[in-house]
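J.: Chain by chain, the residues run as shown.
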Amino acid sequence: LSGHAPWPEPIAVLREQIETAGKLLDGLEVFGRLRAEDIDVGATPKEEVYRDGKVRLFHYLPTVAQPLRIPVLIVYALFNRYYMLDLQQDRSLVRKMLDQGLDLYLIDWGYPDRSDRWLTFDDYVNGYLEDCVEAVRERHELEEINLLGVCQGGDAALCYAALEPEKVRNLITMVTPVDFHVDGSLVNTWIQGANAATAAEALGLIPGELISLGFLIRSPFQRHLRKYLDLVDMLDDEEKLLGFLRMEKWIFDTPDVPGEFYREWIEDFYQGNKLVKGEIELGGRRVILEAIRMPVLNVYAEADDLIPPASSMALERYVGTTDYTERAFPVGHIGMYVSGKTQRDLAPTLAAWLKERT
Amino acid sequence: MSQGPDPAELYHAMIDQWRRVVLAQPGFQSAAQGWTLSDLVERYLAAQSTTMRLVELSLDAWRELLPKVGTGEDWRTSITALAGRFREQLLSDAGTEGTASEAQLWPQYLAHLQRLGLPMLDAFREAPGRLQEAAFGEDPELTRLTNLFWDSYAQTFGRLLRSPGLGPGRETSEKLERGFDAWLEWSRASFRYQTIIADTWVRALERFLSELADRAARGESPATVRALTNLYMETAEAVFVEKFMSTEYIEAQAQAGNASMEYWRREREIVDGLMKISHVPTRTEVDEAHRQVHELRKELRALRRELRELRHAQRRAPAAGGTPHVPVSAGAEEEESD
Chain A
1 LSGHAPWPEP IAVLREQIET AGKLLDGLEV FGRLRAEDID VGATPKEEVY RDGKVRLFHY
61 LPTVAQPLRI PVLIVYALFN RYYMLDLQQD RSLVRKMLDQ GLDLYLIDWG YPDRSDRWLT
121 FDDYVNGYLE DCVEAVRERH ELEEINLLGV CQGGDAALCY AALEPEKVRN LITMVTPVDF
181 HVDGSLVNTW IQGANAATAA EALGLIPGEL ISLGFLIRSP FQRHLRKYLD LVDMLDDEEK
241 LLGFLRMEKW IFDTPDVPGE FYREWIEDFY QGNKLVKGEI ELGGRRVILE AIRMPVLNVY
301 AEADDLIPPA SSMALERYVG TTDYTERAFP VGHIGMYVSG KTQRDLAPTL AAWLKERT
Chain B
359 MSQGPDPAEL YHAMIDQWRR VVLAQPGFQS AAQGWTLSDL VERYLAAQST TMRLVELSLD
419 AWRELLPKVG TGEDWRTSIT ALAGRFREQL LSDAGTEGTA SEAQLWPQYL AHLQRLGLPM
479 LDAFREAPGR LQEAAFGEDP ELTRLTNLFW DSYAQTFGRL LRSPGLGPGR ETSEKLERGF
539 DAWLEWSRAS FRYQTIIADT WVRALERFLS ELADRAARGE SPATVRALTN LYMETAEAVF
599 VEKFMSTEYI EAQAQAGNAS MEYWRREREI VDGLMKISHV PTRTEVDEAH RQVHELRKEL
659 RALRRELREL RHAQRRAPAA GGTPHVPVSA GAEEEESD
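These protein sequence lines are chains A and B, in that order.
To convert, note that position 17 of the first sequence is 17 in the working numbering; the numbers rise steadily by one, no gaps.
To convert, note that position 212 of the second sequence is 570 in the working numbering; the numbers rise steadily by one, no gaps.
One should not assume that every hint holds.
For lysine to aspartate or glutamate, the following DMTMM-like pairs were computed, each having C-alpha atoms within a straight-line distance of at most 20 Å [said to hold, decoys possible]:
1) 54/A - 592/B
2) 227/A - 595/B
3) 656/B - 131/A
4) 240/A - 37/A
5) 656/B - 113/A
6) 656/B - 164/A
7) 601/B - 183/A
8) 656/B - 134/A
9) 656/B - 122/A
10) 341/A - 302/A
11) 227/A - 592/B
12) 601/B - 305/A
13) 634/B - 645/B
14) 656/B - 302/A
15) 54/A - 595/B
16) 533/B - 201/A
17) 277/A - 657/B
Using C-beta positions, here's what the derived DEER-type ranges look like [to be verified]:
18) 642/B - 138/A: 21 to 27 Å
19) 404/B - 355/A: 47 to 53 Å
20) 328/A - 569/B: 49 to 55 Å
21) 238/A - 642/B: 46 to 52 Å
22) 555/B - 253/A: 23 to 29 Å
23) 279/A - 432/B: 55 to 61 Å
24) 673/B - 325/A: 49 to 55 Å
25) 555/B - 184/A: 20 to 26 Å
26) 443/B - 240/A: 40 to 46 Å
27) 38/A - 569/B: 39 to 45 Å
28) 673/B - 165/A: 17 to 23 Å
No lab work stands behind these hints, which were simulated from the structure alone.
These numbers were taken from a predicted model, which means no experiment stands behind them.
Every residue, glycine too, gets a C-beta built ideally from N, C-alpha and C.
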């Protein structure tokens with residue numbers, strides 16, 4: 001044992017130092033060229049077609065002459081910003097869905113402030129989401145539209161589809177938690193002991209920084225340290241560096257969450273697992289997943305440590321539809337939006353499934 | 359054993375050199391005006407420094423370990439002993455706070471509250487008439503309250519604080535007591551949490567040293583500093599994630615988080631009291647106003663929805679050739695029943 005040094009030879013360290021210093025100095029030139037405005041996320045052309053306070057409804061400009069007749073309304077999560085679906089031109093699920101001929105709308109929940117402290121899950125589902133659905137229906141003079149719920153937005157979409165099934169032609173859920181009591185998620189486990197009511201009362205708004213921290217601490221060394229050390233290898237490549245910076249922006253651009261919404265989300269969904277028990281009540285009406293009888297496509301990530309696959313796959317046991325399809329992708333939670341595999345295959349999968357049913 | 363410069367020192371020197379070079383560049387200053395870039399550089403350098411400090415600690419430990427290994431002593435036992443000593447040091451340093459009596463903690467609590475009180479107290483200095491008197495007169499209420507606690511603590515070691523308060527300051531006094539209890543609970547929970555984290559750092563170090571020893575025995579030592587730091591991070595991450603899943607950690611995290619929220623809530627009660635006497639709207643009052651606006655908006659939305667459904671029904675009516683059925687929203691039903 002004592003014959004081998006447990007650390008690198010000094011000469012190797014010197015060589016590494018010289019190489020790294022060279023990379024860093026080259027990278028300095030790239031740094032010098034970049035400006036904050038170069039981090040242009042969510043750049044696919046879109047127009048605002050409806051607004052209620054901080055909530056906006058966007059319509060993406062179609063890229064094909066004849067998009068699918070029934071549009072898709074994307075319902076993203078409140079805990080992060082929607083532009084993860086449109087991070088950059090060559091890594092944009094939105095752009096790829098447009099190219100597949102889909103007509104896309106998206107709800108931007110905005111950045112809640114203290115005046116939104118009392119907003120509830122009901123306000124988001126029966127209020128904002130319902131109004132956005134109405135806006136799309138009116139614009140297209142349609143009785144039904146397609147819904148695509150992403151992550152927590154999938155739960156809002158599920159609740160809405162269960163309450164207003166006549167307005168939803170097809171429902172797609174993507175990396176959506178359904179059974180919150182399955183094993184395998186650190187976040188699920190941690191949340192079980194949280195006193196959300198006290199947090200809501202104490203803070204009013206749950207700070208986005210706190211939520212980011214909760215997500216990042218799942219793997220502290222990888223997410224806090226290593227990624228910055230690995231940065232040295234991409235410093236001299238402007239495109240890669242910009243990609244890193246866009247992702248970095250998204251990770252830390254976490255909106256504050258209304259306290260009352262947070263309390264309900266933690267107590268009713270995570271701790272009470274009420275969605276699958278049929279005990280969620282919104283606007284005086286009970287959410288029964290069995291009422292979802294329209295076609296359902298459930299897309300999940302096989303390596304998702306935030307929303308375990310088993311949590312998403314539970315949906316099949318609770319919905320009332322006879323047209324249920326599952327698609328798994330060999331990626332993690334974030335990979336679902338940006339990995340090469342999903343960038344190639346996800347949009348065609350969604351489009352093909354919708355076209356068969358429209 | 360290789361002789362020569364210490365790899366960790368070399369790498370540290372490189373980081374410092376890079377920092378100096380970067381900060382001296384005129385281009386950097388302009389680039390850094392965008393928060394993302396300057397933040398990124400800082401994060402990169404901080405990550406390097408942090409990781410190297412951890413690796414340095416491990417290498418120091420290894421240096422201490424090596425002579426024992428040379429004597430034929432079982433190196434795993436030596437690593438365990440070394441880790442035990444680190445743990446003892448860490449916990450004894452932290453133990454002072456954890457075992458402090460309430461009498462020692464009370465002044466700390468008051469000092470903690472000062473960060474809230476001072477701006478408000480400064481404002482009182484300029485306030486006219488009775489308010490100024492109340493706050494900074496011959497016998498200012500806040501000072502009296504504070505002295506009451508100090509005196510009573512000195513005389514009774516805190517027991518008097520648990521007895522019911524009397525006089526005009528009774529309510530404020532109770533709020534301060536509740537705040538102290540919450541602060542104490544938060545301190546305890548936080549200490550327990552930090553203890554677990556400190557122990558996990560030691561375990562990570564222990565496992566890293568074992569991994570290094572295993573590799574050295576196989577002649578597979580990391581060839582670069584990068585490989586060494588990566589090995590450290592992978593090893594430490596595994597140890598931390600294991601701990602994160604343990605019942606001990608989950609309970610400690612929940613207790614610390616919940617205790618901090620409870621303290622925050624109690625602290626707001628105290629701040630609200632200070633705001634009221636200075637004619638400033640309290641957070642609670644503002645929240646209450648927001649709640650009323652929220653309820654009104656809900657009613658408005660229900661009415662809008664009802665109107666929309668009515669219009670839809672009217673549009674459909676001529677085609678159906680009959681009187682339309684007008685659906686009534688849940689909100690409207692509630693109003694009618696009220």
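J.: Which earlier hints turn out false for this structure, listed by number in ascending order?
T.: As far as the earlier hints go, 1, 14, 15, 17, 18, 20, 24 are violated by this structure, in ascending order.
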